[in-house]
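Colleague: Please model the complete structure; the sequences and the hints are all you need to start from.
Residue numbers (the working numbering), protein chains in the order written: chain A, 19 to 431; chain B, 3 to 151.
To be clear, the hints were calculated from the coordinates, so they are not data collected in a lab.
One thing to keep in mind: the hints can contain errors.
Here are the simulated distance ranges between beta carbons [claimed, not checked]:
1) A:A73 <-> B:R112: 35 to 41 Å
2) A:S348 <-> B:T141: 38 to 44 Å
3) A:K70 <-> B:S30: 32 to 38 Å
4) A:R338 <-> B:N83: 53 to 59 Å
5) A:G362 <-> B:R76: 21 to 27 Å
Computed footprint of chain A on chain B, listed as stretches where at least three residues anywhere in the stretch have a Cβ under 8 Å from a Cβ of chain A [as the list claims (entries may be wrong)]:
6) 51-65
7) 93-105
Note that the Cβ used here is the ideal one computed from N, Cα and C, for glycine as well.
This is what each chain is made of:
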Amino acid sequence: MIYEDEKALACRKEFPGLAQTLYDHRLIYLDNAATNQVGTAVIDAMTAHMIKENANTHRGVHYLSEQATMHFEQTRSDVAGFIGAQDSDCVAFNAGTTAGINTIALGLESRIKSGDAVLVTQLEHHSNYLPWQQLCCRTGAEFRVVPLTGQGDIDLEAYRRLLADGHVKVAAIAHTSNVTGSVNPVKQMVAEAHERDAVCVIDGAQGVRNGRIDVVDIDCDFFCFSAHKMIGPTGVGAIYGKKEALQKLAVKSFGGGMVDRVGYLSSEFSDIPFCLEPGTPNIVGVAGFRAAIAALNRIGREWIAKRERELTRYLENGLRSIEQVTVLGSPQIRSGVVSFVVKGRHPYDLASIMDKHGVAVRVGHHCAIPCLAHFGEDTALRMSPAFYNLFKEIDEALSALQKAIAFFSRWDA
Amino acid sequence: METIDHFSNNNDRLENTTIEAREQAFISDFIELNDWMLQYEYLLYFMDDIHEIPENERTDDLKVKGCVSNAWMRISYTGENALYIEFASDTLIIKGILGAITALVGNASRVEVSKWDPQFIEKTALKMQLSVDRQKGITSILRKIKDFE
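Modeller: Structure representation (structure tokens):
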């Protein structure tokens, strides 16, 4: 019998989505690498905002706008504190990680030219691959992709070789893979890229919940992340940038709220971070973001990190004990994600049957086609536990997987 | 509740009638089973109805786009001006649905197919059991079949 952490049992009560019954089975939610369930505190904060202070932020002089603005800016400070940033001006809100990386890629474009190179790794999510690939297509810069080792870790020797000629202007690296769960040595990689004067962009989407992030310690120039992978709402996230890095970023999206003076032929834009937040922001989402950060801090980030690594290890061991299963990769440090394939069975079929047992898993290329190609696959199943999952849920998910495998074996030729 | 054996031996109920009648029989069978596992089994029996595109002929131009699985379709006419539909899929569930479409369309004439208003997903639990993306894929297949000239 696995010891079930009392804290985990208590935590679950804060997430009403987990109490659902689907197809006469209690929901087992193991798709946290895509989106977390949101807590009652987040739901309440968003509801309270819409009831009590539903107004546009900044430049309103009425009470509701003042309240909304004050809470919006407090969230900026909370977000900065959560990732170890020293100044809240280094945090710009946006729609999430994808929006953030695109903003940075477009903002750096004028500094990239033919003869330069941009570097990513083979385990990147498409969100941290395509913006750079397309930037290279537009500028004529060379697109360099760091290969993976047999285990599925970033090949650091290859990384150094690709940096060596000094042509790399940007190194864009995932903190944690959304396919293998490998936690990458980003601090070391940033230091090596900085030796060659490359700007370092970290895709923090996967790592931001299940490990303590300190952007100052990592020393990255930019760090992008999303609230929905931090028990917050979808459609909101943030860019962190070093002050000088943000100031050098060309503004590429224009509208209200980001300009100080508009003339007939030219305009003056606001200081960072406001120049990166054109239009009405997702104020309701930011209210939820704030509550999510408070909840993660209250639950305890060290405990979350430890719990998620234990759950992931338990899941990986369970999957490896099933004869037909091949787990993708065996990285040195794995957190929060295990992807796998089953011999002779399509992931879609298996996930469909697991769903009918109430088990929510993800299937497909996980927006990481180059990474799956490394393992010789074009589609895979993925289970990704969060701290509110239980060991017994993993047992039940593995049992549902075995039932699904058995179900289809009847149709083998 | 009916057992799957009752239905698996009766796929011929879907033969020698109009598309509408065959579709109504399919819908009735599916609803009567009233259990997702039996419904999946019922669907999987239709895999045998597929005219399968050989693996080496599954070219990109025949591909039905989708993220989680691959499906291919090729339509032509038989000498009698009836549609001849070939499918392939790498997933068994989708293959079952494509088999059901093959059985429903049968040897119907081009005119009958063009007048068909497919209901078998909307009126059965297939609507719930197919992901939204897959439903779009199946809808696109049905549209191509209906519009084929």
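Colleague: Taking the hints in turn, state whether each one holds.
Modeller: Each hint, compared with the structure:
1. A:A73 <-> B:R112: 35 to 41 Å: Since the Cβ atoms of A73 of chain A and R112 of chain B sit about 60 Å apart, the hinted range of 35 to 41 Å is violated.
2. A:S348 <-> B:T141: 38 to 44 Å: 41 Å, holds
3. A:K70 <-> B:S30: 32 to 38 Å: Distance hint for K70 of chain A, S30 of chain B is violated at roughly 53 Å.
4. A:R338 <-> B:N83: 53 to 59 Å: Holds - the Cβ-Cβ distance for R338 of chain A and N83 of chain B, about 56 Å, lies within 53 to 59 Å.
5. A:G362 <-> B:R76: 21 to 27 Å: Distance hint for G362 of chain A, R76 of chain B holds at roughly 26 Å.
6. 51-65: violated (count 0)
7. 93-105: Result for this restraint: holds, n = 4.
When each numbered hint is compared with the structure, violations occur for hints 1, 3 and 6.
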